[in-house]
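Line by line, the protein sequences are chains A and B.
Just add 366 to wherever you are in the first sequence, counting from 1, and you've got our numbering.
Just add 106 to wherever you are in the second sequence, counting from 1, and you've got our numbering.
Don't read these hints as lab results, they were simulated from the structure.
What you are looking at is a predicted structure, and each value in this text was computed from that prediction instead of being measured.
From the three backbone atoms N, C-alpha and C, an ideal C-beta is built for every residue, glycine too.
Some hints here could point you the wrong way.
[As the list claims (entries may be wrong)] Some chain A residues near chain B, calculated using beta-carbon distances under 7 angstroms:
hint : residue
1    : Gly429
2    : Leu430
3    : Gly437
4    : Arg477
5    : Tyr479
6    : Val482
7    : Gly494
8    : Trp562
9    : Lys564
10   : Ala594
11   : Ser597
[As the list claims (entries may be wrong)] Cβ-Cβ distance ranges computed for the label pairs, FRET-style:
hint : chain 1 : residue 1 : chain 2 : residue 2 : range
12   : A       : Leu433    : B       : Arg128    : 34 to 44 angstroms
13   : B       : Val191    : A       : Trp463    : 35 to 45 angstroms
14   : A       : Val508    : B       : Val153    : 28 to 38 angstroms
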Amino acid sequence: MSDTHITDAPGHSTGEAGQGSPQRRDTFVRYTPNDRTNHWLTAIAFVLAGLSGLAMFHPALFGLSSLFGGGPWTRILHPFIGLFMVGAFIFLAVRFWSHNYMQPADWKWLRQYRDVINNREERLPEVGRYNGGQKLVYWVIVVCLAGLLLTGIVMWRAYFSFYFSVRVVRLAALVHAFSAFVLIISIILHIYAAIWVKGSVHAMTRGTVTPGWAWKHHRAWYREMIHAANSRSRPD
Amino acid sequence: MALQSLDIIRRSATTLPEPAIRTGTGDVTVAKLIDTTKCIGCKACQVACMEWNDLRDEIGTNVGAYQNPHDLTASSWTLMRFAEVENTKGDLEWLIRKDGCMHCADPGCLKACPAPGAIVQYANGIVDFHEENCIGCGYCIAGCPFDIPRISRKDHKAYKCTLCSDRVAVGLEPACIKACPTGALVFGTKEDMKLHAADRVEDLKSRGFQNAGLYDPPGVGGTHVMYVLHHADHPHLYSGLIDNPHISNTVRLWKGATKPLALAAMAFAAIAGFFHYIRVGPNETDENDETRAAEEARKLTGPEKRP
Numbered sequence: 367m368s369d370t371h372i373t374d375a376p377g378h379s380t381g382e383a384g385q386g387s388p389q390r391r392d393t394f395v396r397y398t399p400n401d402r403t404n405h406w407l408t409a410i411a412f413v414l415a416g417l418s419g420l421a422m423f424h425p426a427l428f429g430l431s432s433l434f435g436g437g438p439w440t441r442i443l444h445p446f447i448g449l450f451m452v453g454a455f456i457f458l459a460v461r462f463w464s465h466n467y468m469q470p471a472d473w474k475w476l477r478q479y480r481d482v483i484n485n486r487e488e489r490l491p492e493v494g495r496y497n498g499g500q501k502l503v504y505w506v507i508v509v510c511l512a513g514l515l516l517t518g519i520v521m522w523r524a525y526f527s528f529y530f531s532v533r534v535v536r537l538a539a540l541v542h543a544f545s546a547f548v549l550i551i552s553i554i555l556h557i558y559a560a561i562w563v564k565g566s567v568h569a570m571t572r573g574t575v576t577p578g579w580a581w582k583h584h585r586a587w588y589r590e591m592i593h594a595a596n597s598r599s600r601p602d
Numbered sequence: 107m108a109l110q111s112l113d114i115i116r117r118s119a120t121t122l123p124e125p126a127i128r129t130g131t132g133d134v135t136v137a138k139l140i141d142t143t144k145c146i147g148c149k150a151c152q153v154a155c156m157e158w159n160d161l162r163d164e165i166g167t168n169v170g171a172y173q174n175p176h177d178l179t180a181s182s183w184t185l186m187r188f189a190e191v192e193n194t195k196g197d198l199e200w201l202i203r204k205d206g207c208m209h210c211a212d213p214g215c216l217k218a219c220p221a222p223g224a225i226v227q228y229a230n231g232i233v234d235f236h237e238e239n240c241i242g243c244g245y246c247i248a249g250c251p252f253d254i255p256r257i258s259r260k261d262h263k264a265y266k267c268t269l270c271s272d273r274v275a276v277g278l279e280p281a282c283i284k285a286c287p288t289g290a291l292v293f294g295t296k297e298d299m300k301l302h303a304a305d306r307v308e309d310l311k312s313r314g315f316q317n318a319g320l321y322d323p324p325g326v327g328g329t330h331v332m333y334v335l336h337h338a339d340h341p342h343l344y345s346g347l348i349d350n351p352h353i354s355n356t357v358r359l360w361k362g363a364t365k366p367l368a369l370a371a372m373a374f375a376a377i378a379g380f381f382h383y384i385r386v387g388p389n390e391t392d393e394n395d396e397t398r399a400a401e402e403a404r405k406l407t408g409p410e411k412r413p
């Protein structure tokens with residue numbers, strides 16, 4: 367958690383309740399500039415790899431290949447974009463790995479999905495830096511990208527396919543399409559969750575969240591942050 | 107072939123009907139019959155194919171075998187494969203098979219192809235690659251049960267035997283047929299070719315080849331290139347001709363109903379999100395949360411040290 371800190375003592379910059387200050391009280395740094403850059407590089411690569419891949423996934427979407435300069439260019443670019451995405455994600459995965467171990471409370475959180483989708487957050491188990499859904503999405507992305515990378519290499523006709531038997535190439539094509547499908551569904555969920563839980567997009571674009579946001583959605587993390595800030599300010 | 111054809115029955119990566127106004131008027135399908143029992147392995151068909159299609163493969167290396175080139179390539183669309191087989195009597199049989207596209211009625215290449223119109227099937231049964239639409243992904247190679255298409259290293263397009271679709275379209279027979287000196291290659295309507303094959307099989311049986319037969323594999327809906335084999339019960343003796351070819355189940359699963367279903371699921375996920383927002387609404391943080399957060403922070407920090 368060394369990359370996360372509070373810019374100021376909580377409650378300090380806020381203007382106490384009643385003061386009605388219009389300024390945002392985004393005092394909690396959730397994502398550093400490096401986190402954000404890494405995330406958005408991965409995200410941009412995902413969009414490009416997704417669009418170029420979908421062009422080859424179903425005839426109805428072949429028109430997407432125009433975005434990449436036509437069919438052959440789509441075929442040429444797609445694997446390189448995919449490699450870039452995997453490369454960018456590896457850094458992101460390492461960054462967030464330790465925050466994403468599934469705990470019993472996370473499974474409980476997931477089982478209470480009805481409360482989750484109906485905004486009854488007060489009924490849910492206390493959440494740390496990430497909730498069960500976020501952790502699940504994280505691991506699904508890890509598995510899908512590993513699958514996409516391995517099968518993508520097998521399918522890469524220009525450089526690698528001739529090293530593999532046709533059975534392996536066929537299986538790779540199937541697993542590649544399936545992994546991409548699962549990944550796209552997961553990312554749709556991921557994007558929607560960011561739109562749905564207000565403040566999340568700000569966290570990933572500007573880096574900060576308000577104490578109220580952290581308290582409401584990630585209470586255990588909020589407490590950790592307060593304690594961390596406390597122990598930093600005690601010595602002086 | 108770049109010219110517009112109005113007798114297409116199937117077109118790769120296309121979900122709507124093909125230009126097919128000319129089809130359905132008593133279509134006859136064509137077939138090439140390759141009689142392996144008459145083939146002498148002279149390779150005149152290979153030369154004729156090179157000549158008509160204006161193809162010159164790279165000069166390879168001689169490894170002391172008759173088979174040359176060693177395999178089909180983007181520039182060698184047909185190839186005599188030579189197999190030396192010891193029969194049950196202990197005699198040597200030299201089984202020579204002219205390999206090349208089989209022009210399946212149910213083409214795996216066309217099923218696998220993601221580029222609209224890169225592979226078409228004409229009403230006469232010919233399966234043709236339209237290289238100007240080919241994107242070079244090589245899915246046709248994965249789709250083909252016979253390991254026929256090859257991607258050119260030069261232009262990254264897929265190539266294979268066209269059954270001389272350009273010649274057939276104007277009433278000529280394929281170039282290889284013209285060149286065959288023994289009559290091992292014949293061309294005509296598929297019906298005629300089956301009748302001709304039946305005569306040949308009868309003749310072969312009378313000469314002691316009890317298992318002689320026609321290779322027109324039903325697993326791919328039959329083919330428009332057929333073989334007469336002395337040992338139709340063991341096609342694999344002929345340099346690994348597939349015993350019972352069919353489009354792989356993996357390819358069917360990859361390219362079948364799963365794709366539109368997957369597409370629908372993705373669209374559904376996005377729409378479900380939209381309507382969740384409309385019905386349940388966003389999860390927002392309000393003043394109350396900020397106040398309670400501040401209270402909790404105060405509790406955790408302790409009363410001292412308030413600035």
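Evaluated hints:
1. Gly429: 9 angstroms, violated
2. Leu430: 11 angstroms, violated
3. Gly437: 4 angstroms, holds
4. Arg477: Arginine 477 (chain A) check fails; min Cβ-Cβ to chain B is 19 angstroms, beyond 7 angstroms.
5. Tyr479: 12 angstroms, violated
6. Val482: 9 angstroms, violated
7. Gly494: 16 angstroms, violated
8. Trp562: Interface hint status for tryptophan 562 (chain A): holds (6 angstroms vs cutoff 7 angstroms).
9. Lys564: Status holds, d = 5 angstroms.
10. Ala594: 11 angstroms, violated
11. Ser597: Constraint on serine 597 (chain A) not satisfied, violated at 11 angstroms.
12. A:Leu433 x B:Arg128: 34 to 44 angstroms: With a Cβ separation near 35 angstroms, leucine 433 (chain A) and arginine 128 (chain B) satisfy 34 to 44 angstroms, so the hint holds.
13. B:Val191 x A:Trp463: 35 to 45 angstroms: 58 angstroms, violated
14. A:Val508 x B:Val153: 28 to 38 angstroms: Violated: the Cβ-Cβ distance is about 56 angstroms, outside 28 to 38 angstroms.
In summary, the structure is inconsistent with hints 1, 2, 4, 5, 6, 7, 10, 11, 13 and 14 from the numbered list given earlier, while agreeing with the others.
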